[in-house]
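Q: Chains as they are written, first to last, in the numbering used here: chain H, 1 to 411; chain Y, 1 to 278.
Derived from the structure by calculation, the hints contain no laboratory data.
Hints are supplied without guarantee of correctness; some may be wrong.
Stated by the list, open to error - In the DSBU-like style, the derived pairs of lysine-lysine whose C-alpha atoms are separated by at most 35 Å in a straight line are:
no.	chain 1	residue 1	chain 2	residue 2
1	Y	Lys232	Y	Lys218
2	Y	Lys113	Y	Lys268
3	Y	Lys229	H	Lys376
4	H	Lys253	H	Lys186
5	H	Lys186	Y	Lys229
6	H	Lys202	Y	Lys123
7	H	Lys30	Y	Lys232
8	H	Lys37	Y	Lys268
9	H	Lys336	H	Lys348
10	Y	Lys218	H	Lys348
11	H	Lys336	H	Lys376
12	H	Lys30	Y	Lys268
13	Y	Lys69	Y	Lys268
14	Y	Lys218	Y	Lys62
15	H	Lys376	Y	Lys218
16	Y	Lys220	H	Lys180
17	H	Lys336	Y	Lys229
18	H	Lys37	Y	Lys69
19	Y	Lys69	Y	Lys232
20	H	Lys253	H	Lys206
21	H	Lys30	Y	Lys62
22	Y	Lys123	Y	Lys228
Predicted model only: the values in this text are computed from it and were never measured.
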Amino acid sequence: MARLTLQEKLALLSDAAKYDASCASSGTSKRHSADGKGLGSTEGSGICHAYAPDGRCISLLKILMTNFCIYDCAYCINRVSSNVARARFSVEEVVHLTTEFYRRNYIEGLFLSSGIIRSPDDTMADMVRIARELREVHHFRGYIHLKTIPDAAPELIEQAGLLADRLSMNIELPTDAGLKAYAPEKDADGIRQAMGDVRARKEELKTPTYRGRKAPKFAPAGQSTQLIVGADGASDRTILQSSTRLYGDYRLKRVYYSAFSPIPDSTAKLPLIKPPMVREHRLYQADWLMRFYGFDANEIAPDQGNGMLDLEVDPKLAWALANRHVFPVDVNRAGKDMLLRVPGFGTKSVGRILSARRSGALGWTDLRRLGAQVRKAQPFIVARDWRPGALTDAENLRARFAPPPEQLQLI
Amino acid sequence: MQVVTLPRLGTFDAWRDRARGLARAGVCDTAVTWQMEGDAVSLFGDTAPVSEPPLRDITVPKAFPALAKQLCASRAPGAFDLAYRLLVRLNDRPGLLSNRADPDVDRAEKIAKHIRRDMHKMKAFVRFREVTPQGANRRQFISWFEPDHRIEELIAPFFSRRFGDMDWIIVTPEVSTRFDGGTVSFEAVKTERMELSDETEELWRTYYANIFNPARLKVKAMQSEMPKKYWKNLPEAALIPGLIADAEARVHEMRKAAPTLPPLRAAKVLNRQNKDDN
Ligand code: SF4
Numbered sequence: 001m002a003r004l005t006l007q008e009k010l011a012l013l014s015d016a017a018k019y020d021a022s023c024a025s026s027g028t029s030k031r032h033s034a035d036g037k038g039l040g041s042t043e044g045s046g047i048c049h050a051y052a053p054d055g056r057c058i059s060l061l062k063i064l065m066t067n068f069c070i071y072d073c074a075y076c077i078n079r080v081s082s083n084v085a086r087a088r089f090s091v092e093e094v095v096h097l098t099t100e101f102y103r104r105n106y107i108e109g110l111f112l113s114s115g116i117i118r119s120p121d122d123t124m125a126d127m128v129r130i131a132r133e134l135r136e137v138h139h140f141r142g143y144i145h146l147k148t149i150p151d152a153a154p155e156l157i158e159q160a161g162l163l164a165d166r167l168s169m170n171i172e173l174p175t176d177a178g179l180k181a182y183a184p185e186k187d188a189d190g191i192r193q194a195m196g197d198v199r200a201r202k203e204e205l206k207t208p209t210y211r212g213r214k215a216p217k218f219a220p221a222g223q224s225t226q227l228i229v230g231a232d233g234a235s236d237r238t239i240l241q242s243s244t245r246l247y248g249d250y251r252l253k254r255v256y257y258s259a260f261s262p263i264p265d266s267t268a269k270l271p272l273i274k275p276p277m278v279r280e281h282r283l284y285q286a287d288w289l290m291r292f293y294g295f296d297a298n299e300i301a302p303d304q305g306n307g308m309l310d311l312e313v314d315p316k317l318a319w320a321l322a323n324r325h326v327f328p329v330d331v332n333r334a335g336k337d338m339l340l341r342v343p344g345f346g347t348k349s350v351g352r353i354l355s356a357r358r359s360g361a362l363g364w365t366d367l368r369r370l371g372a373q374v375r376k377a378q379p380f381i382v383a384r385d386w387r388p389g390a391l392t393d394a395e396n397l398r399a400r401f402a403p404p405p406e407q408l409q410l411i
Numbered sequence: 001m002q003v004v005t006l007p008r009l010g011t012f013d014a015w016r017d018r019a020r021g022l023a024r025a026g027v028c029d030t031a032v033t034w035q036m037e038g039d040a041v042s043l044f045g046d047t048a049p050v051s052e053p054p055l056r057d058i059t060v061p062k063a064f065p066a067l068a069k070q071l072c073a074s075r076a077p078g079a080f081d082l083a084y085r086l087l088v089r090l091n092d093r094p095g096l097l098s099n100r101a102d103p104d105v106d107r108a109e110k111i112a113k114h115i116r117r118d119m120h121k122m123k124a125f126v127r128f129r130e131v132t133p134q135g136a137n138r139r140q141f142i143s144w145f146e147p148d149h150r151i152e153e154l155i156a157p158f159f160s161r162r163f164g165d166m167d168w169i170i171v172t173p174e175v176s177t178r179f180d181g182g183t184v185s186f187e188a189v190k191t192e193r194m195e196l197s198d199e200t201e202e203l204w205r206t207y208y209a210n211i212f213n214p215a216r217l218k219v220k221a222m223q224s225e226m227p228k229k230y231w232k233n234l235p236e237a238a239l240i241p242g243l244i245a246d247a248e249a250r251v252h253e254m255r256k257a258a259p260t261l262p263p264l265r266a267a268k269v270l271n272r273q274n275k276d277d278n
């Protein structure tokens, strides 16, 4: 095999990394290099330094250390049975790309994952070396996300957690059966075990020692995972329930949803039908409602029906349409929980409503000024100068919001 | 009518000093106009008396100085006047700022939001090019950027915290910010746009082209976050039209390529693992 140039490797190994949805660089501890001795800073919220034409934020250098892999996960372009061209970065190459990109203000840091070469331990050890080199030799204080390999030895994961801001392990398939069918070498219990270990280690280090010494930070930006949507038969309800467990039991920071996307050189094992992109979008909205609006999975994707989210209207509106008996809500009286459930009110506008109404009863224009989407909220609220009357219970309310049925096409 | 003229650098500090004096003297907001030096809004120069006898104490809520600082960086017409009007109004209504339904507060928050967005975009889209001369002991970088507002002094601490071990200059049409051996300095000087480039840009473009998934084209989403006005400074932006144009053909290729047979190597590797497991 001819030796690949750095640029050729970068092309292959970034192409292989794009199926990971996460590019977040937020929520880690604050660091800086104003002392002149290092490079980089982190400031709470991450920065998108570019946007690709697929609308995704580019915040990190997201690459694979190598796309050689001894596993055979059906949905993955790097599986051993794929014919994709292979490459492998050296430690120095990854360090060079990360620091040189960073110096030019292209990125917030590195998101490194890898196919599994030789063994999970060998692979994890190489990834840890890269992170260590960045931190200890180059005094790199930017963001590092390592995709850990669940089967790797706990000591390696421990070291990874001390060097990185975030650790992640992708579950990929929302059900154990799906995992068995499509990622035969992966072990659902093993992944859960490893996530549990990370959570435990993080909490352990949070409590100061009895001498009051501060423990080193362990993955301060937390851990995350990704679920592929539409590769196995899991319903949205099943997916959201498993996210609830992930947020609850393992204290994950984020669950990412990735609509199964046709990959080059796909295997015959997978369904070739692509799930609609809007499904992924609705899942993110639902996830958001669970994390910031006090909804739970069973309310958003109820038992009745097929357990799928409404693709035409967003999940909050869908819930409001199905629960009209609790509306209209009086914006000048209602508590925060209820205001958060009004379609068209975001967490920000609810905060502003709560503080502005202390200076006097709010009317229609006030709400607009406070950033609420009043047209959407209209049927669900009462304000100083507005009552929805029969609108709340109108038969055709859903039709006002749902897009008109697609026009028939002549053939 | 009194006129106060503010300097291009140190704008907020100058505004604060003058505003404090005027407010103490009880000067009503309709009796003062504020302008930036060089912007000949008023034909009269600075006419407001500089020091007024301290007639009353001025106190402001904690959130006000930060808001006023953002207003003072804005090019929006009347932003300085608005800052002063709020200062005067706060005297009778200390809780004013929490009422977003008040038109002055609303306007101020909107302006502040633009400033924050402008700063955010500058943090995101500044691109450094290396210009280290032979034998220098710190690496040197330069960047050209055109912010919408006068945010150079507000943004400098961010770049100093981030790029501590290198020297850099950020040049905007009106101000050059220099970070040299750990200290920041500003110079108000008019500069024309500079064409800059650097070898590493080729690698960055390679990355940009490959991290993009042609199966998920969303041009509108990309453009709303990365408006075209920034493109001329972004080494990667030149690729965008081509990537968009080819996307459909690439997806079509992928679909057409039927599932392939695994390479021979695969069976061997998988076999070995199964043996290990047993
Ligand atoms: S282990 Fe990871 S890289 Fe390897 S085939 Fe499975 S998903 Fe792909």
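Q: Each hint needs a verdict: does it hold in this structure or not?
A: Each hint tested on the structure:
A hinted pair counts as satisfied when its Cα atoms are at most 35 Å apart, and Y:Lys232 with Y:Lys218 qualifies at roughly 21 Å. As the CA atoms of Y:Lys113 and Y:Lys268 are separated by approximately 59 Å, the hinted pair breaks the 35 Å bound. Distance restraint check for Y:Lys229 and H:Lys376: the Cα-Cα separation of roughly 32 Å lies within the 35 Å cut-off, and the hinted pair is therefore satisfied. Taking the CA atoms of H:Lys253 and H:Lys186, the gap is about 22 Å. The hint holds against a cut of 35 Å.
Between H:Lys186 and Y:Lys229 the CA atoms are separated by roughly 47 Å; this puts the pair beyond 35 Å, and the hint is violated. Between H:Lys202 and Y:Lys123 the CA atoms are separated by roughly 31 Å; this keeps the pair inside 35 Å, and the hint holds. About 32 Å separates the Cα atoms of H:Lys30 and Y:Lys232, which keeps this hinted pair within 35 Å; it holds. For the hint pairing H:Lys37 with Y:Lys268, the CA-to-CA distance comes to about 49 Å; that exceeds 35 Å, so the pair is violated.
Of the pairs offered as hints, the one joining H:Lys336 and H:Lys348 holds, with about 11 Å between alpha carbons and a cut-off of 35 Å not exceeded. Annotation: proposed proximity of Y:Lys218 to H:Lys348 holds, straight-line Cα distance about 27 Å (limit 35 Å). The hinted pair formed by H:Lys336 and H:Lys376 meets the criterion: a straight-line CA distance of about 18 Å does not exceed 35 Å. Among the hinted pairs, H:Lys30 with Y:Lys268 is inconsistent with the structure: their alpha-carbon atoms are about 48 Å apart, more than 35 Å.
Restraint check for Y:Lys69 and Y:Lys268: the C-alpha separation of about 67 Å exceeds 35 Å, so the hint is violated. Note on Y:Lys218 and Y:Lys62: the hinted pairing is violated, with a Cα-Cα distance of about 42 Å set against a maximum of 35 Å. For the suggested pair H:Lys376 and Y:Lys218, the alpha carbons sit about 25 Å apart, so the restraint of at most 35 Å is met. Simply put, Y:Lys220 and H:Lys180 have alpha-carbon atoms about 38 Å apart, too far for the 35 Å limit, and the pair is violated.
Among the hinted pairs, H:Lys336 with Y:Lys229 is inconsistent with the structure: their alpha-carbon atoms are about 40 Å apart, more than 35 Å. Restraint check for H:Lys37 and Y:Lys69: satisfied, since their Cα atoms lie roughly 31 Å apart, inside the 35 Å limit. For the hint pairing Y:Lys69 with Y:Lys232, the CA-to-CA distance comes to about 29 Å; that is within 35 Å, so the pair holds. Proposed proximity of H:Lys253 and H:Lys206 is supported: the alpha carbons are some 16 Å apart, at most 35 Å.
Between H:Lys30 and Y:Lys62, the direct Cα distance comes to roughly 23 Å. Compliance with the 35 Å bound is thereby established for this hinted pair. For the proposed pair Y:Lys123 and Y:Lys228, the alpha carbon gap of about 17 Å is at most 35 Å, so the pair holds.
Checked against the numbered hints given earlier, this structure breaks hints 2, 5, 8, 12, 13, 14, 16 and 17; the rest are met.
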